[in-house]
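Visitor: Assembly of the complex is requested from the two constituent chains, each provided in isolation within its own frame, with the hints serving as guidance.
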Amino acid sequence: MTNGKRVLIVDDSPSIRQQLRVCLRGAGYQVDEAVSGEEGLQVAERSPFDLIITDVNMGALDGLGMIERVRRVPGHVQTPIFVLTTESNRQVVSRGREVGATAWIVKPFKIENLVAAVDKAVGRTESAAPPRQ
Amino acid sequence: MPHKDSETISNLVDANSSALFENYNAPIGAATSKDRTTTIAAIIGYSGRELSGSLCITTVPEVTQKTYGGEAPADWLGELANQLLGRLKTDFAKRGAEVYITTPLVLKGYRLEVCANEEEGIESVLHDYDSDEGPVRVMFQYEFKPGAGLSPTQYVEDSMDVSEAILF
Chain G
1 MTNGKRVLIV
11 DDSPSIRQQL
21 RVCLRGAGYQ
31 VDEAVSGEEG
41 LQVAERSPFD
51 LIITDVNMGA
61 LDGLGMIERV
71 RRVPGHVQTP
81 IFVLTTESNR
91 QVVSRGREVG
101 ATAWIVKPFK
111 IENLVAAVDK
121 AVGRTESAAP
131 PRQ
Chain E
1001 MPHKDSETIS
1011 NLVDANSSAL
1021 FENYNAPIGA
1031 ATSKDRTTTI
1041 AAIIGYSGRE
1051 LSGSLCITTV
1061 PEVTQKTYGG
1071 EAPADWLGEL
1081 ANQLLGRLKT
1091 DFAKRGAEVY
1101 ITTPLVLKGY
1111 RLEVCANEEE
1121 GIESVLHDYD
1131 SDEGPVRVMF
1141 QYEFKPGAGL
1151 SPTQYVEDSM
1161 DVSEAILF
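Just so you know, the protein sequences line up as chains G and E, in that order. First residue of the first sequence? That's 1 in the working numbering, and the numbers climb one at a time after it. First residue of the second sequence? That's 1001 in the working numbering, and the numbers climb one at a time after it.
Same shape as in the complex, but just chain E (with noise of 0.2 Å):
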């Protein structure tokens, strides 16, 4: 049975994955083509008492290159992914669950596809896109601890948003 806050977390990695590649001019939809191969993945980890897990993108070096905007450094597709768990880690904790993010891992291959993870406990959000460079797939695994789960509304206002500046 899933997760009371599955559907919560699924809209979450969704709204947050459009947001970060509409970013950097690289707009994503539905994934509609036939062709799904990707080449490149980036995998990221977080951890807190509430919940824990893993965020990967995996997608082809044209999307790399349209979101960098000229030839993109290999480390680029981590960056993405540790700002689009950024984007999900400030949305968790204004749920009332904080969680820490391990450096970014990117992984080149010839044919890299990821698949959900369906041990007893671990559920996953995987999302399909496609942007005029090519396919793009989020795939988001989360653990919560028994018990646990994020608040219903957004009470907790104890982060900063995404892009958001201070001088002190």
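Isolated chain G (complex conformation) (with noise of 0.2 Å):
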């Protein structure tokens, strides 16, 4: 049963997007994948969804350049996007949320805070930011 929302996963690590598929699908999630920054701008062009999440490095279109051009998609102006990296450093952090990401969280991370985040983003429930874990 599906909550009628659908979140894209970009990430270039198949571990990390079985991890998300698994928990955000359990949470009533529809959700699509994409391995690359330049296929994650291609499906969000094609489809709307209620949130993105997104890794930092990955190959010649990074997240940040993928969220830079997704948020010029109509449609996609106001999505939710969450950047999930193990990229610290807060000169990149501060792009990010230059180029358009919503929320920044550093790997590891709790699922189940995660998927409350997603939650709070896609207005499903009051109130939660992504929590520190």
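Hints are computed from structural coordinates only; laboratory data are not their basis. Note that beta-carbon positions come from the ideal geometry of N, C-alpha and C, so glycine has one too. Hints are supplied without guarantee of correctness; some may be wrong.
[Claimed, not checked] Dumping the calculated DSS-like pairs for lysine-lysine here, alpha-carbon to alpha-carbon at most 25 Å:
{"#": "1", "chain 1": "G", "residue 1": "Lys5", "chain 2": "G", "residue 2": "Lys110"}
{"#": "2", "chain 1": "E", "residue 1": "Lys1066", "chain 2": "G", "residue 2": "Lys107"}
{"#": "3", "chain 1": "E", "residue 1": "Lys1094", "chain 2": "E", "residue 2": "Lys1034"}
{"#": "4", "chain 1": "E", "residue 1": "Lys1145", "chain 2": "G", "residue 2": "Lys110"}
{"#": "5", "chain 1": "E", "residue 1": "Lys1066", "chain 2": "E", "residue 2": "Lys1094"}
{"#": "6", "chain 1": "E", "residue 1": "Lys1004", "chain 2": "E", "residue 2": "Lys1145"}
{"#": "7", "chain 1": "E", "residue 1": "Lys1094", "chain 2": "G", "residue 2": "Lys107"}
{"#": "8", "chain 1": "G", "residue 1": "Lys5", "chain 2": "G", "residue 2": "Lys120"}
{"#": "9", "chain 1": "E", "residue 1": "Lys1094", "chain 2": "E", "residue 2": "Lys1004"}
[As the list claims (entries may be wrong)] Below, a sample of chain G positions facing chain E; criterion: calculated Cβ distance under 7 Å:
{"#": "10", "residue": "Pro14"}
{"#": "11", "residue": "Ser15"}
{"#": "12", "residue": "Arg97"}
{"#": "13", "residue": "Thr102"}
{"#": "14", "residue": "Ala103"}
{"#": "15", "residue": "Ile105"}
Guide: Dropping the structure here:
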């Protein structure tokens, strides 16, 4: 049974995609996946999503480059975009904010906290910023 | 002669390795078992103005399964190496040394044993651990640029912490 909300996961790591897919589907989300920034952009251009989760370091078009271009896609100007990464440099984090990321989460993450943050961002709960874990 | 920061780096590798495996429900302690056979390895490189090198984790599938919480995809150990190096990267940044991380590579074999590289100028930290599921070896190799080193105190607050989350 889905909740009617769609999440796009963009990550070049199969294990991270699998972790997120299993947990978000378990929480009722419909999940689509992309393995690179290029593919993530293409998928986002074709379909509406309620939220996007992306890694940063991913080949030619990285996560921040993808966010910058996704923000120009009609329909994704306001879409919440979470960055989930080992990247912790505040200059890179600031760039993420500039290009339009909604939240920045440094791995490792607790999946239940991430799902709670996704719930909040797509309007399924009253409140809850991505909590410090 | 070891670099002046060799002890600091060894301690950081040890502390972050322990914290990472603890975080994934597979606590590790100093190795006591005789069987050190490992069959899966993840290698990841890094480079920066002050230092460059690589990190390698070798272990057995039982450990990767425990940390993943089930049958682990082939790349999972690479993700763990990425996260361990991400932790070290944060610690180095707090000591004034910025490094950039490459994509991890995962290898499987029958008997994988990494050892220290003894080329001049290259230093290696090697920690052997045991978890309930089997052995873990973490090797961190580094080479400082001439005259470079870590700042003695954590005066640079230029990084988020591990597991920190920010809502913009």
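Visitor: Each hint: holds or not?
Guide: Quick rundown of the hints versus the structure:
Taking the CA atoms of G:Lys5 and G:Lys110, the gap is near 21 Å; set against the 25 Å cutoff, the hint holds. Proposed proximity of E:Lys1066 and G:Lys107 is supported: the alpha carbons are some 18 Å apart, at most 25 Å. The straight-line distance between the Cα atoms of E:Lys1094 and E:Lys1034 is roughly 37 Å, outside the 25 Å bound, and the hint therefore fails. Restraint check for E:Lys1145 and G:Lys110: not satisfied, since their Cα atoms lie roughly 37 Å apart, outside the 25 Å limit.
A hinted pair counts as satisfied when its Cα atoms are at most 25 Å apart, and E:Lys1066 with E:Lys1094 does not qualify at roughly 31 Å. A C-alpha spacing of about 13 Å is found between E:Lys1004 and E:Lys1145, which places the hinted pair at or below 25 Å, so the restraint holds. Note on E:Lys1094 and G:Lys107: the hinted pairing holds, with a Cα-Cα distance of about 17 Å set against a maximum of 25 Å. As the CA atoms of G:Lys5 and G:Lys120 are separated by approximately 12 Å, the hinted pair is consistent with the 25 Å bound.
Using a Cα cut-off of 25 Å, the hinted pair E:Lys1094 and E:Lys1004 holds, with the two alpha carbons roughly 17 Å apart. The restraint placing G:Pro14 at the interface with chain E holds, with a minimum CB-CB distance near 5 Å, inside the 7 Å limit. Look at G:Ser15: its Cβ gets to within about 4 Å of chain E, closer than 7 Å, so that hint holds up. Because the beta carbon of G:Arg97 sits about 5 Å from the nearest beta carbon in chain E, less than 7 Å, this interface hint is met.
This hint holds: G:Thr102 has a C-beta 6 Å from the nearest C-beta of chain E, less than the 7 Å allowed. Interface hint status for G:Ala103: upheld, as the beta-carbon distance to the closest one in chain E is roughly 5 Å, under 7 Å. Hint status for G:Ile105: holds, given a least beta-carbon distance of 4 Å to chain E, under 7 Å.
Checked against the numbered hints listed earlier, the structure breaks hints 3, 4 and 5; every other hint is satisfied.
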